[in-house]
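**Student:** Quick mapping for you: the protein sequence lines, in order, are chains B and Z. Per this note's numbering, the first sequence runs over residues 1 to 273. Per this note's numbering, the second sequence runs over residues 1 to 357.
Take the hints with a grain of salt, since some may be wrong.
[Said to hold, decoys possible] Derived coverage of chain Z by chain B (criterion: at least 3 residues anywhere in the stretch with Cβ under 8 Å from a Cβ of chain B; other residues may be distant):
1. 72 to 81
2. 233 to 243
3. 250 to 258
4. 261 to 267
If you are wondering where the hints come from, they were derived from the structure by calculation, not from laboratory data. The beta carbon of each residue, even a glycine, is placed where N, CA and C say it ideally should be.
So the chains spell out like this:
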Amino acid sequence: MKDQQNKDKKVAEAEILPFSMSQAAADGRSSQVKRKILVVGKGLGFSLGVMDYAANLAQRLGYDLIGMSLNPGLKQAGKFFSPYNLHLRAKFTQRARAAWEALRPGLLQHGIKGEHVVKFAELTEAVKDLNHQVKRIDFVITDAGIRSEEITGEISLPVFSISGSGGEEVMAKEPVASRRQLLGKTIALGLGAVALYAAVFMNSGTVMHYFTQGGLYATLPIITVFLVSVVHGAFAHNFWTCLGIEATKKVQTRIAPRPVARRRPRPQLRLHA
Amino acid sequence: MHDIASDAVQFIDLNTMSILFLFVVGFIGGLVSGFIGSGGAFVLTPAMMSLGVLGTVAVASNMCHKFPKAMVGAYKRYKYGQADLKLGLVMAASAGVGVQVGIKIQEWILATWGQAGSNLYVSLSFVVILVVVGGYVFYDAFKTQKSGGEEKVSSLAQKLQKINLWPMMYFKTANVRISMWFTLPIGFATGMLAATIAVGGFIGVPGMIYGLGASGLVSSASELVIAFVMGFFGTIKWAMHGMVDIRLTLIILAGSLLGVQLGAIGTTLVKEHMIKVVMGTIMIIVAVSRALAVPQYLKELSLISLGPTTLSILSKASFAIMCLGLAVGAFIILGAMWRAKRAEAAARAGKYAIEQA
Chain B
1 MKDQQNKDKK
11 VAEAEILPFS
21 MSQAAADGRS
31 SQVKRKILVV
41 GKGLGFSLGV
51 MDYAANLAQR
61 LGYDLIGMSL
71 NPGLKQAGKF
81 FSPYNLHLRA
91 KFTQRARAAW
101 EALRPGLLQH
111 GIKGEHVVKF
121 AELTEAVKDL
131 NHQVKRIDFV
141 ITDAGIRSEE
151 ITGEISLPVF
161 SISGSGGEEV
171 MAKEPVASRR
181 QLLGKTIALG
191 LGAVALYAAV
201 FMNSGTVMHY
211 FTQGGLYATL
221 PIITVFLVSV
231 VHGAFAHNFW
241 TCLGIEATKK
251 VQTRIAPRPV
261 ARRRPRPQLR
271 LHA
Chain Z
1 MHDIASDAVQ
11 FIDLNTMSIL
21 FLFVVGFIGG
31 LVSGFIGSGG
41 AFVLTPAMMS
51 LGVLGTVAVA
61 SNMCHKFPKA
71 MVGAYKRYKY
81 GQADLKLGLV
91 MAASAGVGVQ
101 VGIKIQEWIL
111 ATWGQAGSNL
121 YVSLSFVVIL
131 VVVGGYVFYD
141 AFKTQKSGGE
151 EKVSSLAQKL
161 QKINLWPMMY
171 FKTANVRISM
181 WFTLPIGFAT
191 GMLAATIAVG
201 GFIGVPGMIY
211 GLGASGLVSS
221 ASELVIAFVM
231 GFFGTIKWAM
241 HGMVDIRLTL
251 IILAGSLLGV
261 QLGAIGTTLV
271 KEHMIKVVMG
281 TIMIIVAVSR
291 ALAVPQYLKE
301 LSLISLGPTT
311 LSILSKASFA
321 IMCLGLAVGA
331 FIILGAMWRA
341 KRAEAAARAG
351 KYAIEQA
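Just chain B, same shape as in the assembly (with noise of 0.2 Å):
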């Protein structure tokens, strides 16, 4: 069951995991690859403090970025791969690629090739699952929202937290492009739904006169029925999502269980930047 597991997380996380960077790890010409450093963000964003430090200590040391956006609230709970939870992912996937690229021209300037990675799981597991994955990371930068209690013995890695940053998050706006879409999608199914009814209601002398004959007739209401449904009821689910009301994973409070590993006291290196 683990190894199904894991396989299955590494389903899920070969898209995730930048071409290059696989491409890099497998070749092992380890000096060749430039050493890295890694920002770790809570959510869908990067604060713009943190990003111009790590920017900034990139470029004066010659390193590359690599910016993981963790989402632990969405990492597997038990053996059932829920489709929903597939498909959370990928939006959530989608959103953090579109805050990146947000930022990618900032990093550019600073003439730093950045990758971006997401990861659903909590920080230590994460960190250390990546690091596996890609060598040469020398250490790691925390971003605004995790808490140093989250940072345990178990990364082999330096942490630093900045603090006194600005705090302001990029954050992809939805996509002009597929709103657009959405919205299109919505209005040529609501047409097709009225052009539906309105074939029914126009005629409906001759549509009551055969779909209440009887017998095998009763073919007919049931197949309108159905077609109507799809329509209608695809038209229904896009209304609804364009006006913004979507179905969420519900919140649950859970406390994130607490690591058991022995617990060092982390050197905490506050840097005011």
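With chain B fixed as given, assemble chain Z onto it according to the hints.
**Tutor:** Quick look at chain Z alone, frame taken from chain B:
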């Protein structure tokens, strides 16, 4: 049941008011149905009849709208990981049998005591079941709310699950392992009640919660699967008799497809025990409504005597309170969804507050 096919069936003329009325009632019915897994049907049939629609046409058209609505609702809640298909199908099998038995009983009562007797039977069933079950559901929801919202498996379900009677069945989504024999009475009762008062879910959902030990979410979602199966086969039967007024069906469907999705979304936003709260509330209010209709049938059977004005008042009050029950349910659902959305937005805003060193 008298031979329907030989009667000349009158279908009503529709005007704007009746269209709007059916749309709104359809929407609210769909909302409640998407949320608690059943309901709406018991308002829609009387609502149609209040517009002058023939009883059998009302039941047939309602059923024709019920199964696609249940299909959409079940699909949505399956995507949210709430519907247990296997559980729904297993229950639907015994529900089918229950429906046939329920119809037979209805026919016998109609033959023995006439229409008034039949109506009395229906109303009394309403009152007894809704008060007993609804009262318990409501009480349980209240208890859960007081204990901080943690749903627990009922002691009865725990006991039943321990009994190892072959064949044992395991329901993945519901996370319930129980002997098949215990699903039979619940499914059967669901079907029988559906044939009697048109809402099987009022026994089905509490039955799954307290008898089998599934959560409120899974029970209400799986109930939609049962409703779809029963509705589908019921519609075939009615459509073959030519009883479906497709115009009524489509108008109601226009509203209920919007409502059922909203209700399904709502289940992902609010605390789980809200399902029980809404269900219990609706059941009790509708029980009152039906209780007010009982005197009329008693009078028709010459068991009591009442003046015509009293009867008229009672009948109007009964209908109004029934609509009120549905409206209150919808109000609670929407209110809970609204609060949940506000809390979510607030939590998101708070997350980005940075601690100053």
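**Student:** All hints, please: hold or fail.
**Tutor:** Here is how each hint holds up against the structure:
1. 72 to 81: holds (count 5)
2. 233 to 243: holds (count 7)
3. 250 to 258: holds (count 5)
4. 261 to 267: holds (count 4)
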